[in-house]
Amino acid sequence: MSGCAIQVRDVSKSYGSVKALDGVSLDVRPGEMFGLIGPDGAGKSSLYRIVATLQHPDAGSVAVDGLDVASAYRQVRDIIGYMPERFSLYPYLTVRENLEFFASLFGVSVQSGYDLIAPIFSQLERFPDRRAGALSGGMKQKLALSCALIHRPRILLLDEPTTGVDAVSRSEFWDMLATLRTQGITIMVSTSYMDEARLCDRIALIHNGRILDTDTPARLVASLDERLFDASAGDMYALLSQLRGYPGVTDCYTFGATLHVVADASFDPVAATAALTARGLSCVSITPAHGDIEDLFIKLMGHES
Amino acid sequence: MTSHIPEGIMILSSIIRKEMLHLRRDPQTLLVTVFMPVVLLLLFGFAISTEVNDVKVAVVVDTHTDRTRDICMRLQTNPYFTFVGEAPHADIDRLLRTSEADAVVVLHTDAGELSTQIVADGSNTTLAQSAQAYIRSVVSGEDAASSPIVSRVLYNPQLKSSYNFVPGILGMIFILICAIMTSVSIVSERQSGTMDLLLVSPVRPHTIILGKLIPYFLLSCVILAAMLLISYTALGLPFSAGVVNVVAISLLYIVLALSVGLLVSTLVRTEVSALIVSAIAFMIPVLMLSGMIFPVDNMPRALQWFSAIVPARWYISAMRKIMIQQLPLASVWTEVSILAGMTVLMLVLAIRKFKNSTN
Chain A
1 MSGCAIQVRD VSKSYGSVKA LDGVSLDVRP GEMFGLIGPD GAGKSSLYRI
51 VATLQHPDAG SVAVDGLDVA SAYRQVRDII GYMPERFSLY PYLTVRENLE
101 FFASLFGVSV QSGYDLIAPI FSQLERFPDR RAGALSGGMK QKLALSCALI
151 HRPRILLLDE PTTGVDAVSR SEFWDMLATL RTQGITIMVS TSYMDEARLC
201 DRIALIHNGR ILDTDTPARL VASLDERLFD ASAGDMYALL SQLRGYPGVT
251 DCYTFGATLH VVADASFDPV AATAALTARG LSCVSITPAH GDIEDLFIKL
301 MGHES
Chain B
1 MTSHIPEGIM ILSSIIRKEM LHLRRDPQTL LVTVFMPVVL LLLFGFAIST
51 EVNDVKVAVV VDTHTDRTRD ICMRLQTNPY FTFVGEAPHA DIDRLLRTSE
101 ADAVVVLHTD AGELSTQIVA DGSNTTLAQS AQAYIRSVVS GEDAASSPIV
151 SRVLYNPQLK SSYNFVPGIL GMIFILICAI MTSVSIVSER QSGTMDLLLV
201 SPVRPHTIIL GKLIPYFLLS CVILAAMLLI SYTALGLPFS AGVVNVVAIS
251 LLYIVLALSV GLLVSTLVRT EVSALIVSAI AFMIPVLMLS GMIFPVDNMP
301 RALQWFSAIV PARWYISAMR KIMIQQLPLA SVWTEVSILA GMTVLMLVLA
351 IRKFKNSTN
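In the order they appear, the protein sequences are chains A and B. Just so you know, we're using this note's numbering here: the first sequence kicks off at 1 and counts up by one. Just so you know, we're using this note's numbering here: the second sequence kicks off at 1 and counts up by one.
Treat the hints as calculated values from the structure; they're not laboratory data. Predicted model only: the values in this text are computed from it and were never measured. One or more hints might be untrue.
Unchecked claim - Computed cross-link-like contacts, DSBU-like style, restricted to lysine-lysine with a CA-CA straight-line distance of at most 35 Å:
| id | chain 1 | residue 1 | chain 2 | residue 2 |
| --- | --- | --- | --- | --- |
| 1 | A | Lys299 | A | Lys19 |
| 2 | B | Lys353 | A | Lys19 |
| 3 | B | Lys56 | A | Lys19 |
Stated by the list, open to error - Computed beta-carbon distance windows for the label pairs:
| id | chain 1 | residue 1 | chain 2 | residue 2 | range |
| --- | --- | --- | --- | --- | --- |
| 4 | A | Gly184 | B | Met10 | 23 to 31 Å |
| 5 | A | Thr254 | B | Met10 | 49 to 57 Å |
| 6 | A | Pro128 | B | Phe294 | 51 to 59 Å |
| 7 | B | Asn356 | A | Thr216 | 35 to 43 Å |
| 8 | A | Leu240 | B | Gln191 | 38 to 46 Å |
| 9 | A | Arg219 | B | Arg25 | 16 to 24 Å |
| 10 | A | Gly31 | B | Leu31 | 37 to 45 Å |
| 11 | B | Asn356 | A | Ser17 | 20 to 28 Å |
| 12 | A | Gln183 | B | Leu30 | 39 to 47 Å |
| 13 | A | Arg126 | B | Leu30 | 29 to 37 Å |
| 14 | A | Asp78 | B | Gln191 | 41 to 49 Å |
| 15 | B | Asn356 | A | Ala218 | 41 to 49 Å |
Ideal Cβ positions, reconstructed from N, Cα and C, are used throughout, including at glycine.
Chain B extracted, bound-state conformation:
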């Protein structure tokens, strides 16, 4: 009844089915591979945030004037501050030490002239810097007319850190998950000897490779869907028709990551080394060199060159442009061509190595 289907396709579907059964019966691995990205995304999106909220601020005023009252009022109503209250001068040290306040504003009026001092708790530099900047803008707010610097931040007006992190997390997750899953699954078959049985059967090597890549490609698509859903709903990324481009480039990146996994599987002998190579060798460059955390432009020249071979750098850069800036596909032509070139190179290398290592 299935005689009209070519045998190669039958064998391929049989290998894919086997791989799917394996995945389904290993719920721990499946749980980790699907939930880790989601948790990571939520963690970076909400909990781990470089934006500063709820700065606890206290005020020391020696003589109240209209201006000092006005400043206190503005500190109280500003959503970024939690107003601790007014305190005597002698309490500054105690307030900061006990963490009752993150910053103290000292308003000193001398002969009608207001001088302002900001004392901030520097034990958390990010908080201290942001608090100082916030307070400065609030205190000088009334002088806006005299120094009219109007700053507008485009694409991410609230400077939400999730905007910054979502492309980075996507770039990291796919290279990690895809590379680890494919390399470990291929290496474990080689270790257990079942790869030998596949190879002594009439099945062709490219059927084996496809049979390994397709299930993990499908699983990656599920992860991509979950991550995009969270990004556009819970994390509030701007949604537009450009999502088609986001998906297309992500699929290309997934294929690239799967090829990297395939290549790793031909280079290592044991499951553990596959895991370590995929996790360490890919996670560190992705974290450090992809521009996910540290801007590429700030790196020393040599590291900038090195970062050019990190696929995540190009993917993250493309994602920032089309996901956050909402630019058309034409604007990420460079990134897409580099990613496509890397994919072809990796696939050719991996398939050649795979065939060599087996025959």
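Only chain A is shown next, with the shape it has when bound in the complex:
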């Protein structure tokens, strides 16, 4: 019970006949950057809404800093900073007015929290009078984060903060989160970008409302013990269908611009290249690959079904 920044125990939540969360349990330790990794519709936002005191779970319990979110929701609201999936700002208010408004909701002044948001807000300071609705995606994201931080929360809940933002802003954003973490703020961040997962201290993989696994990214990737190969050819679709039936191949799926092949010990990449070329495929290349979170995810999802 004690020692956890966020403790989720056996939480279930259904919307009508749709089961959004099914017995979810996880612990977020104080001061860590915890990632909730999963595809769209996995149940990430539902979990966030429950932790943020916006919804009650059908079953199970959630404690934030040892405070039960159902009974002590008023105290919990002072501790957390929540940034929902969309950058929820008032489009008609200017950058400064948005910040001042959210500060006033917590009864604090912008000055009192300014040093915390300064590294993030500095880029927005050039146009304090621009309306939030006229900002770019990356700028909206920074403003939304500033608004979520202005009351100095101890725990930051970020629901897909990098969705719909350009690559540069995405990497800048993760740098900012790293800075916030050094200030002792616990961060629970969700994403559907697997490459962002390794930036977290620990991650939980979530799919169809269930937690598949929770650990550090390195240890999770290490648990991938299969032989993995990168495969490409002139005709990727033909390659995919050929490899799926090839002896020794347990799985084959698209991975970025190439295919990933999961195979057992009987699979010989050199022989396979020759065999596929003989079947009429051009430019066949099969090379050993290192697995990452996405491979693990696909493996775990395969076990699920």
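Based on the hints, put chain B in the right spot on chain A.
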């Protein structure tokens, strides 16, 4: 420096300020919400009128006598008629077809006995009926002594349609504007996700509700002031100390309309559906069942019962009594109590639904 002000009030004023800024920076919406009522009022007050003016009337006389000359004279001088002139009998059809005349009066004298025929263009029934009634009273005017029916219409002696429409327009405008504005503004915050941010802050739900209702209440007061100003000046409604009661009941009605908007916001999910529900579900009953156009007493019994739950019915009825008849507040006790009861019910329902939908 503001430490002596309770935090709840500070937060409330901050939410109100935010809402005001939003309104001010959305000039199109503001323009529509303030000018639509004014335009509607002027339109119904002046342009759209059921009273008949300028009936074009022609006369067919076979033989002139003193009486026929007298009748022609009276038609010429009557302000409701435009006298087209005398025409031969064969022209009646042509005059009506070409709309040179709306009605033709045929005066036939046979052996000193005058018989009168009125031929009216029935393509506009309102015009035809009014024209016939006018002509009949003008033609028979000389017989007033023999059939002394003296009719006096009280409270609205000229039967001005603006007297009839002003209470109706007020009743419709406030339910429309208030319900649409509050419901759309709350639903749009829920859609954009900013409502979630308000709710995860330490702000209490009733502060959020008040912060939403107060700005639109103030805006409605501006609209009320503009509408009353037009009614008492341009439309010439009788002005008296009773205006205090008019304002008081209107404010009650505005609060009721705002609560209806709040309730709608808890029942629908999108801005568009909020708009449609507010516009259609409220406009049609208000137009059809409030007594604004069709008298409630003429409705089938079932519709009369249904009309009892339309708030505008009671408001319009109260407005007619205190605005047009200039009766004291005591005479509208029933209407005011029903409106007050509805307001309390709506507010309780809306606040309960609002809290449930969020937590």
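Output the indices of the hints that this structure fails to meet, ascending. 3, 9, 10 and 14
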